[in-house]
Each structure stands twice: as structure tokens, then as C-alpha cells.
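Peer 1: Model the full assembly from the supplied sequences, consistent with the hints where possible.
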Amino acid sequence: MDLFLQQILTGIANGAIYACLALAVVMIYQAIDHFNFAQGEMAMFSTYICWAMIAGGVPYWLAFFATIVVSFVGGLAIERIIFKPLHNAPVLSHVVVFIGLIAIFNSSAGAIWDHNIKTFPSPFPSGSFGGLIGLHEVGMFFVTLILLLGIFCFFRFTRVGMAMQAAAANPDSAELVGIRVGWMLALGWGLAAAIGAVAGMMIAPIVFLDPNMMLGILLYGFAAAIVGGITSPGGAVAGGFLVGIIENLVGTYIPAIGSELKLTVALVLIVTVLLFKPNGLFGKTIVTRV
Amino acid sequence: MNTGRKLAITFAAVAAMGMAASSALADKMYGPGVTDDSIKLGNTMPYSGPAAAYGQIGKATAAYFDKINKENGGVNGRKIEFISLDDGYSPPKTKEQVRKLVEQDEVLLILESLGTPTNSAIHNYMNKKKVPQLFVATGATKWGDPENFPWTMGWQPSYQTEGKLFGAYIMENVQDPKVAILFQNDDYGKDYVHGLKEYLGDKADSIIVAEESFEVTDPTINSQMIKLKDSGANVFFNVSTPKFAAQAVKKFRELNWDAVFLNNSVSNSVGAVYKPAGLENSKGIISLMYYMDITDPANFDTEPYKKWSAFMDTYYPDGDKTSAFTAYGYLVGQTMEQVLKQAGDNLTRENVMKEAANLDLELDMMLPGIKIQTGPNDFFPIEAMMPVEFNGEKFNPLGKVVSVN
Amino acid sequence: MATDVETRLDSRLTVGEKIPVKLVIPVIVIGAIIPFVLGGYATFQGTLIMIYAIAILGLNLLTGFNGQFSLGHSAFYAIGAYTAAILVYHLDWPVYVTIPIGGVVCFFAGFLFGLPALRLEGLYLALATFALGVAVPQILKSSHLEGLTGGVQGLDVFRPDVPAFLVDNFGLTMDQWWYLIVFVVMLLMFWVAWNLINSRTGRAMMAIRDNPIAARSMGVNASLYKSLTFGVSAFYTGIAGAMAAIIIEFVAPDSFTFQLSILLFIGMVVGGTTSIWGAVFGGMFILLIPNFAEEISTGLSYAIFGVILILVIYVMPSGFAGLVNLLRARIKKIM
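Protein chains in written order, with UniProt numbering: chain G, 1 to 290; chain C, 1 to 405; chain U, 1 to 335.
Hints listed in this document are in silico derivations from the structure and should not be mistaken for laboratory results. Since the structure is predicted, the reported quantities are computational estimates derived from the model, not experimental observations. Among the hints, a few may not be true.
Cut-off 20 Å, straight-line C-alpha distance, at most; resulting in silico cross-link-like pairs (SDA-like, lysine to any residue) [claimed, not checked]:
1) Lys118(G) / Lys130(C)
2) Lys321(C) / Phe282(G)
3) Lys197(C) / His144(U)
4) Lys118(G) / Lys197(C)
5) Lys130(C) / Met174(U)
Peer 2: See the structure below:
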């Protein structure tokens, strides 16, 4: 029973990692109606910026918020500089540009800060609840919930948030009612980059900072977002925890699978969920018209 | 392995010819890539992609050749031209790059290519083409098989050897041992486990109480650690690369697991593992070493360290002086230098291979009593290691150098 | 999400278009001469390019012509490669036979995977295929299959010598011999793809891509066509994988990571979706440009590759084939 409890708690801790990134994934989906495959690498790069500031003597919280601002501006700039000229290019070409961005961020981080792992400080006290779950993981859990609440309020109660959704869902009509669609896209990118930065800074203390930090996590982040429903921030968070827990339980209690095929099984489960609930567990059904 | 035997015979014949040739004094004999004033050596490394951290090894070796070119005018008056290409740790790419090196750049030999699957992809090719594949940077056992693959040689102690040495340590020092293993699910991880099991023999099944693997794409190994602790083991054997090793050390303490912590040499690094994981957390970890710990302040005043440090400052200034990889590349560079020195003016592929199998070398950064020794039937240059315990600052030797032989 | 894959080329959906013989014959002649002009290494590279081209064409049949997104074609490449390797290594089958078998095994694997994939579209399909690409190397090295696949150590594939009469009469080397085999296979595969696209089946495939609901209402059995396309696409990629195993003479799980899927995807977009011959250009791009990037800077080679990639998309958002079509249309206008 103790093992079971511990695996659940570790699953929740891992789930918090996935949930955090899944939020960033959902955020950008709301803005551009598409995945940003470079999300993980952007978050990694933001985390390095924060690390460099802290290493340079900047206090943690100052560096934390400065990184959020830098990432917001960076995200905005990427949309304006790189994606705006490609507005009419096919979506497949966009995906290739995302891949280009992944390569650029990953390789430059390695070249600037080398490939050795770095310790990233946690803002929360060290230690754990009886060896069951670390205080950082608990802190991260609450940061995720705060982010979620923020995103929910943003889309629900602010004019900009609603305008952004309109711009993504129906650009032409949005333009007609006076929404500046181009800038809404850029804003979405900025916000997603900022949320990604928070996710990166929360994840790094657990997994250590290195250029490939997000490689494995991003897949789980996407999976979480999709299982939960790509249109629903709350669903994404729930999806993150679900994936984290299922993965651990399967790895622990099904001997034929063990840790070796843990990821494979998690992925099979995800695909199965999608087969029965194609829009995710909490997503809205999209109606297509001819 | 019929071709293998044929190769071995050819090799013996050629080696005999080489001997005859070298006795004919002053006769210069050159293989491909060698001129009166230069020698071309080839190499592949993962400079990009997930394994890019290992790229430092290649850069350090390149820097070492820079040093001897500048300071000594190369080896025996010939400058070393070290062509190191990126393979991104992808076997097909390795094959492509190595064919470029051998067929287009016409290098004398391939030195210190990194990775087991990558070297496996060129293993047959190199032996068919009779191009030396020297001092491969991987610890698989298959590199020391002169009978079937007379053109391939390893360098570091093989992972299996180290696994066996850990087995010996456990049997001698732990009463009623129950071992839990965390290993990376690839050739490297499995070789260690294999070595340990081989040493334990029949008792392996009763002594090893839990084995958990992880993938390099796994975000954390926490779930595995909890399972391992739950097995009630009193020995924890960690076979993982630095990032996961640091996570394992942290989690090991967080779980208050009361066990002997054995750590594989791949991540036995203060700078890359113990410092990130917390020096306090890393106290008491036992590992095996064969060359000097470059992060141990006690070594900073020794001659070999000063020499190495000066080398790093001049020739590889962006290099990480706390990374064991840079020292590794430096040592392999020295080994290669020795082989070329011994070969003199007879720089044919056959003779270089013969001299590589004729080493008895002590390098100053290696731990006392550990030598690089090879022979026509011994293609494992380093086979001894020293058990050490980390005390939070530095490594304390535990007894004497051990080897399986 | 049907608009995920858009057509930028003319969608005349012609049936029975003739192969432009005047263009094709010189290309075939040049392609056949290459191995006798260039050295062994360049011939080897040329062989790899053609293998990639076949795999990219396979992916393109699925994505470009049928609108199904795949980020997991490395899985089929791996299955093809391992089929060949296992048959040669364990059962001593002649290597030549293993190539079509690799393709057939992949056809079934693709068809079966295509069945559940029917319910997934756009992003969801991308994730499912990506998951497949990530999972296959793990399954290959799983301890349950170790006896068959060689586990993490992989398998060696031994190639037989070049038939004696070819060596005696033409002095054919191993590299040239396999270049020619791959070249012939590639021509065959391209010819089949051309006929497929310009048939009623091809029209149905594209109709499903452009407007699945309309296609269904017009009586196209979308499910069947989509699964079949998945199978055919996997067949192409499997043939490529089998030949790659033979050319590299080695297979290991590390050879088929999801990076390979991404490379194939890049090759498809850069070559031009909805173009058959563009695949050759895509193959060249993914083999040669990383080498070129490395020559500029070793440490930053990925970054340089990324920059080149983005620039290429700027210059030709619809790929190389798209650019050529555009130029052709312009020139026609001027004349």
C-alpha cells in the first residue's frame, strides 16, 4: 500500500511537470489554432536566461519575473519576425519552421552554456513531506493552479482574451469587427512563451537544466493537452496529472511491461482515449461544415 | 565468422611483413594519409543532438593534437591533422561520415569514435577495408576481439569489466547483499548489468533483488527509485549518465534509503553529478576510477594536474575543467601520440595497428599502478581500476587497484 | 482540421496524365551514369539520397496526396529495415528477396495502424503517429524481443558479393551495384506512384484530402481509401528501410529515432508536397544540408541547419516542386 501511495504521489509530481507545459501548449493553441512544436525548446531557452541572471548575482524573484518579461517579448518577436511573412504559407511549412526553431534554440543553448547539467534553484523550501513528495513539487502544483486560474480569467473576463479567441477561431469575422488579428496572434505567442518560461523554471529544479531538458517532457506535455482536450486549459492540467499517474502505475504493477515499455504503454492509452473521445476528455466538439 | 579468421591470418602475415620492413631501418613506409610532414587522423563524435555532451571528448583530443603540433612540431616531425566529424549519434550517419574520412579524406586511421551503436555500424567496414579503428570511446566488450576483428581496439575499461569489479566489491564488503540496479536501457546500461551478473554467477538471481531501466527520454527516474527502494535492497547500483545519476543521488537521499550506493564511472564526476545533486547528498558514494579526479582540490598542486590545466587554458579555453570528458580526450590523445612515436617512419596501417597492440604506457594523469597495456592478443588497453569513496569533497581510495585478471 | 494539409498546387485532379518522357529520359540517363563518374563515397551518398527519396515519396502519398499527417514514418522505415535484417541474419535469406518482403510487412503494419487512425485527424493523428515513431525503437530493444532483434546491440547485415559476371565484364563495385539496384527500384516506385496518383484511386485520395465530407457524400469509401493509403505509404517507406539496412549493413534502434521521422517530414515539405519528383530533392536536402551546416560550424551545426530550413521555407513556401511549378507558369505567361 505504501508503494502504491508513493507511486501515485510521484505520478502527481511528474504530472505537475506535464500539466505546466500542457498549459503553455493550450495557450498557444487558443491563439494560433495550431501546435507550437518549438514550445519546449523555447521554455528551455528561457530557463537558461533565468539561470544566467541568477548566476550573475540577480536575486531569484527578480530574475524570475525578468525572464517572464523577456520571454513574452521574445515570443512576440518570433511571431512578428518569423511567422508574419509566412502567413499564407501552407501549415506543413509552418511545422517545418517550428522544427527549424527547435534546432536553433537547442543548438545555441548548447553552444552558449555547454551541455553539462546545471542546478536550477527552487523558490520553495527544500525537503519533503515524509519522503513522499518534495516541497518543490507541492509548490509547483500550486503554481500550475494559479496559472490555470489566470488563464481562465483572461479568456473569460478580459476583452483582449475574448478578442484573441475570436481571432483564432474566425480570423475574417474578427477582422471585420475591428480586432487586429495579426497582433492577437503575436500576443498569443508572447503569452505562451511567458507561460512556457514559468513551466521551464518550475521543471528545471527537478530534472536539472540542460539543452535537452524538454526533449522527453514535451511529448508528455502534448499528450496531456490532447488527452485533456486541446481547447480546455483545465482539461490540459487534468490530462497532465492523469498521464503522470497512469504511467507510473503501469510501470510498477504490470511486470511484463515494467519501466522498459512504460512510455509505449502511456502512448497507447492516449491513443485509445482519443479513439473514444476524439476531442479529448474535456474538449469541445468541433463541427465541420462543408 | 569465416571472414574473421581469414582476416586474422592476413593480419598476422601483414604484421610479420611489417616487422621485416621496420628492421630494414630508415626505410620510410607510408600508408594513406601520411606524408613527410603530416598524418591525417579521422574521428566521428556527436557534436549535435541528445548526446552532444560527449562532443567535449573530441574537442579535447583535437586540442591535444594542436598542442603537440605547436610545441613539438607534431610526432616525429609530422603534424597531426585531426579531422573530426559530427554524426549526431546516428549509426547510418556514422557510416556515411567514416566512409568520407576513409575514402575521400584518406585518413590513416579512425581514432576515438564515440558510441557503441555508431561504432558497430562501421565495425565490419573498417575490418574489411583494413583501416585501424583505434581506441573507440565506448566500453563494450566487443572491441577487444583481435581474432575476429584485428583492426578494432577499445581504450577504457569495458563496462562489463567494471560491472564485474563492482560484483567483487559487493561480495567482499557487504554482508548478505541484496542488490537493486537502476540502468539506462541501452547497450551501455545492459553491459554493466551483464558484467555484474557474470561475476555473481549462480548467485545472481538471489543477490539481485530488483532491476529497473529507464529511457533517456524519461523526464525523471523517481518512479523507478521508489520501486527499487521498496525491494528492500541494501546495495544500490546506479548505471546511468550524469543527468539521471544526479537525479538518482537526490532521490536516494530524499527516500532516506539506507543502502550502499555504487555509482558507475560514466557519471563519477564531482562537477557534472555530485555538485548538482548536492555534495552533502553524495557523501559515501562508492565508485571505481582509473584516472585522476580533476575536480578534487587535493590534486590541484600536483604536476600532472598543473600540466593538464595549463593545456586546457591554452588550447581548449572554453572547455569545462570539471568535466571528466575533457581529461578523457586528453589521455586518448596521449595514447595515440605514443603509438605514432613507436611506429616511427613506418606509418602503414599494418604497422600502426601492430604498435597499438604493443603498448606499455604510464600516463601521468592515470592513478598510480594503472597502466595502458596491450599485446597481440590483448586489445583491452585499460583493465584495472581503483575503488574510491566520495567524502563530500574528494575521493578516498579504498584499498588497492583491482582488476579481473 | 481537414485544412491542415492544404494544396497549393493546381488541383485539376487530372486523370491519365502522360509522363513527360522528354524530361524523364535524360534524368534516367544521367542517374545511371553517375556511379561510373563519381567515386565510391559519392555513389554511396547518392544511394542514400535515393533511399530517402523513396521513403519521402511514401510519406508524401499519405500526407501530400491524402491529407493524413504523419510524424512517425521512422517506425515503418525501422520495420522494413528490421524485416530485412532479421531475414538475412537469422534465416540467411538472400538480401534481394528481403526488400519486397520488408515492403509487404510494412504494408500490413501501415494498414492496421491506419484503421484506428481513421478516427483521428490533424493534430491528433500527428500525435498518434509521433507516438508510434517514439515507441518502435523502444519495442525493438525490449528484452522480450532481444533474441530476434539483437536488442540494443542491433544486427549486422551481410551483403553477398556482386555477381561474378558483372565484376568480370564491367568491373562493377559493390557501391555501383547497389546504386543501380536502388536506382531501378526508385524508378519503379516513382512510376507506380505516378500511375496511382493519375488514376481514379488517386483522384479519390485527393478528394478525401480536400474535402472529406463532400468526398464521402459522393460515394467515395473514405475509410477504405485512407487505410489503404496508409498501407501503401508504409510499403514505400518499408522498401526504403529494407534497402537502407542492406546499404548500411547494420541496424540498431538508435538508427530509427523520431529524429528520422522529422527528417523525412522536412524532406517532404522542402521537396514539395503533392509532387512526386520533389522527393528526390527532399532526399538530397536531408542528406547534404546537415553536412554542409557542419562544415560552417561544428558546435552550431543544428542551429545553422535550422536557419537554412527557415530561409528555404521563406523562399519556397510550397517546397522545391512548388517553386519550379510557379516558375514554369511564369515563363509560360511571358512566352
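Peer 1: Run every hint past the structure and note whether it holds.
Peer 2: Each hint tested on the structure:
no. : hint                  : verdict
1   : Lys118(G) / Lys130(C) : 43 Å, violated
2   : Lys321(C) / Phe282(G) : 51 Å, violated
3   : Lys197(C) / His144(U) : 19 Å, holds
4   : Lys118(G) / Lys197(C) : 34 Å, violated
5   : Lys130(C) / Met174(U) : 17 Å, holds
When the structure is compared with the earlier hints, violations turn up for hints 1, 2, 4 and for no others.
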